[in-house]
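Numbered per our numbering, the sequence shown finishes at 123, counting up by one with no gaps.
Hint data in this document are derived by calculation from the structure and do not stem from the laboratory.
One or more of the hints may lead you astray.
Mimicking PhoX-like on lysine-lysine, the simulated pairs with C-alpha atoms at most 20 Å apart in a straight line are [unchecked claim]:
no., residue 1, residue 2
1, Lys122, Lys39
2, Lys39, Lys74
3, Lys108, Lys52
4, Lys52, Lys122
If you anchor each label on the Cβ, the simulated ranges turn out as follows [said to hold, decoys possible]:
no., residue 1, residue 2, range
5, Thr9, Glu82, 43 to 53 Å
6, Asp48, Leu25, 16 to 26 Å
7, Asp113, Ser7, 33 to 43 Å
8, Ile59, Phe16, 21 to 31 Å
9, Leu23, Gln76, 31 to 41 Å
Virtual Cβ for every residue (Gly too), placed ideally from N, Cα, C.
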Amino acid sequence: MQSYTLFELNEFIRQVLSLNLPEPIWVRCELAQVKSSRGHFYLDLVQKREDDDGILAQGQAVLWQSNYRKLQQKLGLELNALLQEGIELQMLVQPEFHERYGLKFVIHDFEPAYTFGKL
Numbered sequence: 005m006q007s008y009t010l011f012e013l014n015e016f017i018r019q020v021l022s023l024n025l026p027e028p029i030w031v032r033c034e035l036a037q038v039k040s041s042r043g044h045f046y047l048d049l050v051q052k053r054e055d056d057d058g059i060l061a062q063g064q065a066v067l068w069q070s071n072y073r074k075l076q077q078k079l080g081l082e083l084n085a086l087l088q089e090g091i092e093l094q095m096l097v098q099p100e101f102h103e104r105y106g107l108k109f110v111i112h113d114f115e116p117a118y119t120f121g122k123l
């Protein structure tokens with residue numbers, strides 16, 4: 005039976021993810037929680053079941069300060085309206101897997117029409 009160290013397995017997962025998803029992709033989800041620190045935004049994301057509102061999937065995303073500034077210029081006040089807990093979002097993200105910190109989605113863009121069309 006072959007055995008791997010945790011680092012080896014996580015490194016393999018990182019490589020598989022980066023090879024299979026080399027470009028950012030659009031993802032729909034609900035913003036469960038948002039925290040900011042030093043200009044960066046850390047988002048907890050969920051997808052809920054339609055029948056009982058239970059959590060079907062969850063993940064974490066990060067909006068780096070540099071991307072926040074670019075999006076602020078592009079979206080203006082709409083950006084702050086999008087970063088509210090309970091809002092349904094469509095985001096352009098780059099999935100990244102780090103051997104120590106696990107999976108996260110790096111945010112590149114938002115589609116405000118998706119969110120505001122749901123309100």
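- Could you tell me which of the numbered hints above are not met by this structure, giving the numbers in increasing order? Number 1 - this is the single hint that the structure violates.
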